[in-house]
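There are 2 protein chains.
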Amino acid sequence: MDGSSRTPNGGLRALTAAAAIAAMGVAGSAAAQQWQPLPEKAPAPEDNPTTEDKVELGKKLYFDPRLSETGTVSCNTCHNVMEGGDDGRPSSMGVHGRIGPRNAPTVWNAAFQSTQFWDGRADSLEEQAKGPLLAHPEMGMSSHDQVMDRVREVPGYVAEFKDVFGGDNPVNIENAVDAIGAFERTLITPNSPYDQYAKGDKDALTEKQKKGMQAFQQAGCTSCHSGPAFNGPQMNMEQGQGFFQKFPTFTDNEYVEKYDLMADKGRAEATGNDAHKHMYKVPTLRNIELTAPYFHNGAVKTLPEAVRVMAKTQLNKELSEQQVENIVAFLNSLTGEFPEITMPRLPSKPGETIVKGAAPVKKGDH
Amino acid sequence: MDGSSRTPNGGLRALTAAAAIAAMGVAGSAAAQQWQPLPEKAPAPEDNPTTEDKVELGKKLYFDPRLSETGTVSCNTCHNVMEGGDDGRPSSMGVHGRIGPRNAPTVWNAAFQSTQFWDGRADSLEEQAKGPLLAHPEMGMSSHDQVMDRVREVPGYVAEFKDVFGGDNPVNIENAVDAIGAFERTLITPNSPYDQYAKGDKDALTEKQKKGMQAFQQAGCTSCHSGPAFNGPQMNMEQGQGFFQKFPTFTDNEYVEKYDLMADKGRAEATGNDAHKHMYKVPTLRNIELTAPYFHNGAVKTLPEAVRVMAKTQLNKELSEQQVENIVAFLNSLTGEFPEITMPRLPSKPGETIVKGAAPVKKGDH
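So the sequences go chain by chain: Y and C.
One point on numbering: in numbering that gives the first Met the number 0, the residue at position 174 of the first sequence is 173, and numbering is uninterrupted.
One point on numbering: in numbering that gives the first Met the number 0, the residue at position 163 of the second sequence is 162, and numbering is uninterrupted.
For the record, the hints were derived by calculation from the structure and aren't laboratory data.
These numbers were taken from a predicted model, which means no experiment stands behind them.
Just so you know, not all the hints are guaranteed correct.
Each pair may be met inside one copy or between any two copies, as identical chains are not told apart.
Unchecked claim - Result set (PhoX-like, lysine-lysine): computed pairs, CA atoms no more than 20 Å apart in a straight line:
(1) 257 to 355
(2) 311 to 257
(3) 300 to 348
(4) 161 to 210
(5) 161 to 276
(6) 198 to 210
I would like the entire structure built from these sequences, with the hints used as guidance.
Right, dumping it as structure tokens:
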């Protein structure tokens with residue numbers, strides 16, 4: 000990939016570059032090189048090295064619903080690591096039953112995304128983690144200060160921030176999201192059947208999956224869904240260069256209206272730049288069988304239909320049902336091994352709750 | 000305890016018996032006998048023996064939010080085992096942000112409660128587990144059939160029910176709650192400082208805690224909060240004999256109005272029997288420092304205040320601030336050791352979500 004494809008500024012340039020990759024993809028030895036296994040570890044940014052203590056603190060914060068206004072919504076609520084790293088809903092439900100606009104992307108292997116959120120408005124896991132805390136339909140807090148004020152009430156948290164980060168005022172939002180990012184960076188699912196195949200075990204995939212792999216490549220899916228996480232080339236995250244594509248690229252088909260694909264302006268909603276209309280981060284396909292429903296608005300309920308929609312809207316192709324079935328079989332081979340996670344013990348303020356503003360209910364209220 | 004105290008029919012008889020225990024409590028050798036450590040295991044009912052596989056299945060169901068209407072609320076949402084087994088709210092928030100009428104009791108050591116729910120309307124953990132699934136402000140499902148229909152869509156669940164229970168139609172609600180009950184029965188927190196003391200390590204409590212222990216007994220708290228779980232005598236659960244008390248017993252004090260203690264009719268709300276007005280299950284005091292706010296309506300925010308309210312409304316006593324402080328110190332010694340729990344992997348329906356009825360959101364909706 001050269002620099003020209005890294006620009007989020009226009010679908011055309013990106014598509015051109017993508018077409019070039021696709022052309023490479025079908026050529027012999029280049030094709031062999033193309034199938035890359037998922038690394039077992041995600042690289043950490045220089046300013047947030049992964050340490051065991053930091054990961055443990057981040058895990059607590061990630062699972063702590065008391066960081067939401069109502070005390071009911073944690074990072075894990077919408078990005079459930081016990082499931083596919085998402086919530087199985089078209090779009091998420093946060094505090095007070097409020098519903099957000101977009102489908103929750105999986106947290107599994109999010110460390111390998113070159114940009115975060117569907118519209119790429121965060122460059123890093125750390126930056127991303129700041130958003131949901133304050134989002135009205137997610138955790139609904141009024142400010143990061145309010146979040147950290149709660150954390151500061153818990154002696155166990157204060158001690159842990161001090162141990163992990165040191166300094167005069169360690170209980171601050173930057174340290175909190177560094178810890179959460181460090182935890183998320185451990186959420187990797189290597190060793191899927193596909194990975195075993197890519198590493199040389201040719202029996203790791205079924206014949207159907209191999210056919211699906213070929214169909215996936217020949218149809219041109221690898222134009223965008225390339226690389227070890229099937230989310231495009233690894234960009235320079237620290238420079239905020241995400242890999243974006245326009246969706247839908249081809250609009251003259253039934254799916255556009257059926258699934259309301261033009262309502263959301265994509266990256267343009269974040270940047271206000273018309274050139275970013277309907278541009279989205281290319282999401283990973285890892286564990287995709289576990290993350291239905293699909294797309295930014297969760298409007299497509301099943302994986303076979305998602306494959307049909309993609310082929311038509313992105314490649315202007317109609318796949319046969321056999322091709323769809325084979326590609327789905329291949330996609331199912333991208334489900335990896337999930338590491339065992341022990342539940343954190345969330346430290347408490349003794350004899351008092353830190354969830355504020357949740358008034359006792361009078362009997363007549365319900 | 001003789002049978003006379005087992006009756007849930009009147010506060011007076013129960014109090015009389017309770018006064019007798021209190022009198023025993025302060026007498027030398029009886030006092031020594033009274034302080035019992037928490038067993039490390041909870042006895043399982045004959046018709047639901049605990050097995051490793053059943054516990055694992057129950058754990059999955061316990062943590063599965065897809066068993067709620069919106070796919071957002073699991074048993075663990077309100078009874079969070081990563082915290083004190085509750086949710087830190089005055090009363091819980093379920094699907095669509097609906098708020099329930101009562102404070103969520105802790106799931107930790109619930110196996111040692113002689114009856115379940117504040118009003119004792121379930122005799123067992125298994126029976127209790129059926130309630131929240133269908134409660135409008137909790138998981139909000141329309142029927143147990145609807146719950147099990149979702150479970151039945153997941154091949155991994157179907158296989159597991161078959162392995163654990165066998166039979167022709169193993170995916171049914173009775174088996175589901177048996178599994179959940181078996182998991183909950185493992186949630187025991189032994190070996191608190193108090194337990195170590197009760198087993199003979201006289202240095203396990205601080206001087207202040209020992210003073211608090213004495214004050215707790217002399218004030219008469221042990222009348223009701225006796226036994227290894229500090230929730231009264233172990234009743235015959237299978238016969239549905241819970242240990243109930245009237246709250247408030249003494250109503251001529253400021254707390255009754257301040258904390259709205261008469262609004263909820265307690266057990267009478269469940270039975271329709273006037274004799275059960277304001278009767279509640281005596282809850283365990285284990286880990287009580289972690290389960291604020293307090294009482295059936297969660298109206299009391301701190302543990303010291305809860306101690307004051309109890310002394311006045313149940314024993315008609317005003318404690319000195321020193322006594323309150325000492326008793327709180329003693330209560331803090333009831334925080335036990337929490338077993339490490341690994342997160343379950345929730346099985347999925349490949350390429351499809353089992354959360355139904357959550358329609359994709361149109362951009363204009365929010």
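Now the hints, each set against the structure:
1. 257 to 355: between (43 Å within a copy, 19 Å between copies)
2. 311 to 257: within (13 Å within a copy, 65 Å between copies)
3. 300 to 348: between (43 Å within a copy, 12 Å between copies)
4. 161 to 210: neither (54 Å within a copy, 34 Å between copies)
5. 161 to 276: For residue 161 and residue 276, the Cα distance exceeds 20 Å both inside one copy (44 Å) and across copies (50 Å).
6. 198 to 210: within (18 Å within a copy, 66 Å between copies)
Checked against the numbered hints above, the structure breaks hints 4 and 5 and satisfies the rest.
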